[in-house]
Amino acid sequence: MSFSTELLIKVLVVLATAPVMALGLTLLEVKGSAWMQRRPGPLHVGLRGFIFPLATAAKYLQKETIIPNDVDEPVFKWAPAWVIAAVVGLFTIIPLSPTLIVRDLELGVFFLLAISSISTIGVLTAGWSSANKFSLMGGLRAAGQLIAYELPLILSVVGVVIQAETMSTVGIVEKQIEFGFPFVISGQGIAFIIFMIAATAEMMRTPFDMPIGESELTMGFFTEYSGIRFLIFYISEYINLFVMCAIASTLFLGGYHVPLLPTEWVNFYGPLVLIGKTFLLAFILIAIRWSFPRFREDQLQTLAWKVLIPLSLLNIMATAIMKVVF
Amino acid sequence: MAQTMDPNNMPILSEASVSVEIETEDMTLNIGPQHPSTHGVLRLVAKINGEKISSVEPVLGYMHRGYEKLAEVRTYPQVTTLVNRIDWVSGFANEIPFIAGAEKLMEIEVPERAQYIRLILTEMARISSHFVFNGAFPLEIGALTPIFLAMEDRERVLDLLESVTGGRFHPNFNRIGGVKPAAGAGPTTKKDIQDLPAGFYHDTKVAMQKVLEAVDRFEDLIGGNEVFQIRTKNVGVLPKEVAEEYGVSGPILRASGVEFDLRKQSNYLPYDKFDFEIPIGENGDCFDRWSVRTSEMRESAKIILQAIDDMPSGPIQAKVPKVIKVPKGQTYVRAENPKGEMGYYIISEGGLGPYRLKIRTASFSNISILPIMLEGALLPDLIAIMGSLDFVLGDVDR
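First to last, the protein sequences are chains B and Z. Mind the numbering: the first sequence is residues 1 to 326 in our numbering, read in order. Mind the numbering: the second sequence is residues 1001 to 1398 in our numbering, read in order.
Read the hints as simulated data drawn from the structure, not as lab findings. Even for Gly, the Cβ is constructed at its ideal location relative to N, Cα and C. It is possible that part of the hints are untrue.
Facing chain Z, from chain B, some residues (calculated, C-beta under 8 Å) [what the hints assert, rightly or not]:
no., residue
1, Trp35
2, Lys133
3, Asp209
4, Gly213
5, Ile288
6, Pro293
7, Arg294
8, Gln299
Take these sequences, add in the hints, and give me the full structure.
In structure tokens, the structure reads:
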């Protein structure tokens, strides 16, 4: 198969998978929240609530796209593209099995961290170009938050990289198989917690959703967005949730591997295992979202700079020492 | 002699003196009238420096409905339909001081049973109002779940209110000299009228147990939540003296440590026959305001249970003339509403309706401290403080 055909197939598969996963997570969120809040609607309406996400998507597709007068039109229009490009790009390095991966990059983890920061540009430009004070404040909050939480995210992954001695995501999973235990219980437990907190902040989900903060800033940086552009923001939020949880399960929970299953068949059960682990992590984040209020901006920064970053630095030190000693 | 600048003789500038403070201008942010957390059409003109608020000016009047003026062209029984729309989350409680004022002018002795029914329903209105607060306040801080649980629990109380009065929000149930018989009970002139619906005592007891359970649950879910605590503790502290100076009343005043509750200090309803406590806060911060209201729900449930237990029998309506005319005079009756002190100043010229009616609403006086409390606060705290004041725009603008 030529390179271009292969690329085309891979791109099509990713483009088909991403929205499906987003729909699945939307469904999980809608049903999970309804279950926690004793709301009958999403549990019973429309095939027991299963067509709910599709109905939501269809609703946004048929809405008029409103572009207010004073916005910086090209920037405003392209802002959602930055965000969705960044999150879909991350699919490149998620291994569904040793061979089922778009590209097993040697610097896989580095790629992850580099690409995931692109969405900051989209969020900031969305806030800036909207010509709305609430959007502006949301955009600035988002920028401050994403920059602050990039660091613990990177630093927590560094521990994993040191322990696995590789940056390739497949390599990290193979190392965990070799170890016999996933990294979350063999040395990187703190890193896992830091990663999940930082990832929640990166995704701007409650309790770190001040950039959106609907009770303060109406809808934050996407206040002025409507119709399909709003849908893109909305979908990319859930794709991001999927990607972040998938990466967390790859780096810390052993990815596509489960013990006792024959490794020759990993191409068949690998994807299911990874998706299962991802949805499990996503459900934890969903449960957190629906039980906590949001932090204040200064408390969020304090948490990042005074707690998470020193902790992850300590974690790196400890991992490095263990690596040298053993 | 012109002074020349000698480069060797120039004062040495330290690095700190060179760096110039960038002059920034405060941004004016219009919060409202259409904003998710202003509880309606309140507009706040905030001057903000980054996230910090330098000044706030509340702009009122978007919901002014002219009830005071309208009351002048209504008869006394008709005015109750207006006044229970002032603070719509506790509609029943709004009727009480007005009716009590009219009765005071007419010197009518209200039968004890009617007084008890009024008291029970007023406390139910208080519980339902505080349920709304327990849902709305966490919602403003960012927790979405409590409002659904609170609304579901409130429905039990509203069902009871509906079964007695026929209305969930706007009962229009009080009559001068007593209360209306329960919905569908027939005319009051009959001898064996049924004044409360069948099974009311039992249903109320069950519902109050559920309310007590719900309060425990809220104290767990909301008060026990760490993020909620760090968002509300020591935020929006209202000192005792300031609260008293600004005429703040109700749970906000009590959260600041002032033991002032008209249910103990006044006799508009027979509260002296019941055993209940007045929850007091210590710091006067947002958390105290939440906890005072939540404890109040528990006390209200206790009052209702006691009232159900020693409910007197007898008529529910005193003898009043067919056409109600209030003798010339004026009076002011105030009552402890869920939101604070509500008072009606009625001037009667002996006609069918009040000559002039002045309504003192709790929310209007309570939000007068907003500019004081919000100065120097952060924008997210603005929302928390506003939520903790628990005002209703209908009560502000009337």
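>> Tell me the numbers of any earlier hints that the structure contravenes, in ascending order.
In response: 1, 5
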